[in-house]
Amino acid sequence: MKKQRGRLQFVFLVYFGIVLGLTIFPPAVRQWNQIHPHIFGLPLAQFCILLFAIMLSAGLILWYILEGQIDAKEAEERARSQSREL
Amino acid sequence: MNSDTLIILSIMAAFYLLNVYAIKRWHIPQDSVEEYGVGGRSMGWITVAFSHIGGWFVGATYTGWYAFSADLGIFAQYLVIYSIASLFIMYIMAKPVWCWGKEFNLETQADIIQLRYRNTSYTTVLTILIALVASAWLVVEMVTLGYIVSSATDGVVPFNAGMFLIGSGVIIYSVLGGVRAAAQGALIQGMTFAIAGSITFYFLVVQAYGGVFPLLDLVEKTQPKLLILDPAKQLDMVWTSAIITGTFGAYCWPSVFSRLYMTSSPRDTKKGVLFAPLAAIVIAMVILWLGLGSRMVPGFPADAQGGVFWMARHFGGPVVLGLVAVFASAATVATISAASNAIAMLLAKNVVGVFAPSERNILFSAKILTVVLGVSAMLIATIDLPQLITIALGMYDCIVQVIVPLLLGLFWRRGNLIGAITGTTAGVIIAAGSLLYPSMIEWSGGLSGGVLGLAVNVTLYVMAGWIFGKPEYVDDLFDVLDKYDEDGTKWSGPAPYLSSVNVSAPLPYPAITSKPKLSDAR
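Going down the list, the sequences are from chains F and X. Residue 1 is where the first sequence starts when you use our numbering, and the numbers rise one by one after that. Residue 87 is where the second sequence starts when you use our numbering, and the numbers rise one by one after that.
What the hints contain is simulated information worked out from the structure, not anything from laboratory work. Just so you know, not all the hints are guaranteed correct.
[Stated by the list, open to error] With a straight-line Cα cutoff of 20 Å, these simulated EDC-like cross-link-like pairs (lysine to aspartate or glutamate) come out:
#1 Lys569/X with Asp71/F
#2 Lys357/X with Asp561/X
#3 Lys569/X with Glu74/F
For clarity, every value in this text was computed on a predicted model and none was experimentally measured.
Modelling step: build the complete structure from the supplied sequences, incorporating the hints.
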């Protein structure tokens with residue numbers, strides 16, 4: 001279970017690293033810091049800022065949900081081992 | 087006083103009466119440091135999530151950031167990005183901070199520093215640095231409060247009168263109700279401006295421009311540079327610095343950090359991510375969009391800081407202006423109450439507590455310091471300090487240096503005192519030096535002294551970790567974390583550190599006389 005949790009943390013660390021990198025790393029900023037083309041009617045830079053904000057939020061929510069599933073399994077295992085000890 | 091002002095003042099009065107009722111209704115006597123400082127570690131996730139939003143979006147969002155959006159365009163939206171990115175920091179810090187807090191009776195971020203590095207002098211110096219920077223922001227928020235009340239009432243309620251009236255009320259409930267009252271006030275304030283505020287500001291965007299897409303069309307036709315991070319003003323590089331310092335600096339603020347201790351479990355802290363990031367997008371984005379097109383509205387004032395009230399009056403009338411005054415002042419009040427409590431707690435426990443470490447002394451000092459800080463901030467705010475916001479923003483570059491020993495110390499066992507002292511000292515010198523002598527960092531092409539200091543700080547901390555290795559007591563500290571689950575339940579007997587750790591330096595807070603047992607666990 002600890003391994004599973006570690007893997008999940010690593011995946012999300014990489015995910016947030018990539019999204020934040022695209023948001024702030026100067027060469028990446030130069031790519032999206034334009035008005036044209038428009039995407040969904042929004043200037044490119046405005047679209048990208050909104051997209052990065054949503055991706056960061058979605059990542060956090062997903063992390064919480066997936067970690068919750070690991071916690072539930074862990075709690076079940078712990079309860080089982082405690083009852084065995086008793 | 088005309089009828090418009092009467093309507094505005096009535097709306098504000100009704101809102102603050104509701105606040106008083108709620109705080110009184112859920113008041114708990116403040117008879118312990120744990121209750122006063124971290125609300126007895128018993129708050130639910132909704133209270134903490136909304137009070138986080140209440141404390142996070144400062145009054146300056148409606149004045150300073152609004153003006154940024156009007157004058158610098160989408161650059162101001164770095165607020166949205168770092169607000170969400172800082173929640174990532176909150177997420178990873180939640181478990182170690184909560185578990186160590188529960189196990190060792192910690193209430194401030196300086197407590198964590200003392201526990202992890204065991205050097206009272208280092209802890210005291212960091213405490214004073216954090217308190218100084220946070221106090222500067224307390225003054226900024228007091229100024230913002232006076233400004234909001236006088237702008238919203240068109241000067242009928244003068245700056246000083248507005249600030250003293252509401253500011254004194256906030257300080258009184260902060261002293262009487264401790265951090266619980268501050269959190270409950272912030273819950274109402276956060277809910278108000280998260281829900282009603284977003285709707286009202288979107289209504290204003292529609293009234294002023296016809297909606298978001300027509301606004302962006304208008305800006306593209308008249309001032310297209312507002313739709314990019316203008317490289318001519320180096321905004322693309324400042325964008326990078328602002329997000330890095332904002333993200334890592336967030337949990338260096340005592341009022342933000344103390345929320346990690348307040349919940350009843352690490353899971354409750356983490357649960358905030360289900361709501362807070364989306365709220366951050368909605369709340370901040372609509373305010374900043376309203377600001378984005380402001381300069382294109384005929385008659386908009388030259389000083390954009392009061393522009394949000396002008397727009398509310400112009401496009402919404404007195405009722406909408408009253409509501410906007412409530413949202414803006416609520417954001418300020420939530421920040422003032424949380425900050426004054428947290429700074430007072432920090433100084434009481436980690437400075438006064440070193441000399442007089444009894445629970446009674448710390449609690450008494452915290453209450454007195456809350457009053458002293460609040461009153462001092464109000465008095466300083468009456469002085470005309472044109473450079474105050476610049477100084478306060480610059481100090482952010484200094485406070486962010488604390489995140490290195492704080493965050494890395496939670497996860498990396500090799501982190502040690504030598505790395506913490508050398509890294510923080512170098513980081514603060516670079517950050518403060520670049521503020522005094524900006525020419526020192528001209529070569530960086532727009533990166534701030536804070537970010538450069540942070541890079542040196544991390545390098546020194548990691549180098550010292552590899553060279554000098556982990557302190558002997560650290561394994562026992564980290565073993566404690568394995569004993570707790572995400573619900574805050576402790577699953578085994580007394581921790582091994584109780585017998586094996588040689589505590590060479592005294593902790594600057596009362597000795598822990600009782601430890602939680604399995605039977606105490608929820």
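Each hint tested on the structure:
1. Lys569/X with Asp71/F: 14 Å, holds
2. Lys357/X with Asp561/X: It is violated: about 29 Å lies between the C-alpha atoms, which goes past 20 Å.
3. Lys569/X with Glu74/F: Given pair Lys569/X, Glu74/F holds - Cα atoms ~13 Å apart, limit 20 Å.
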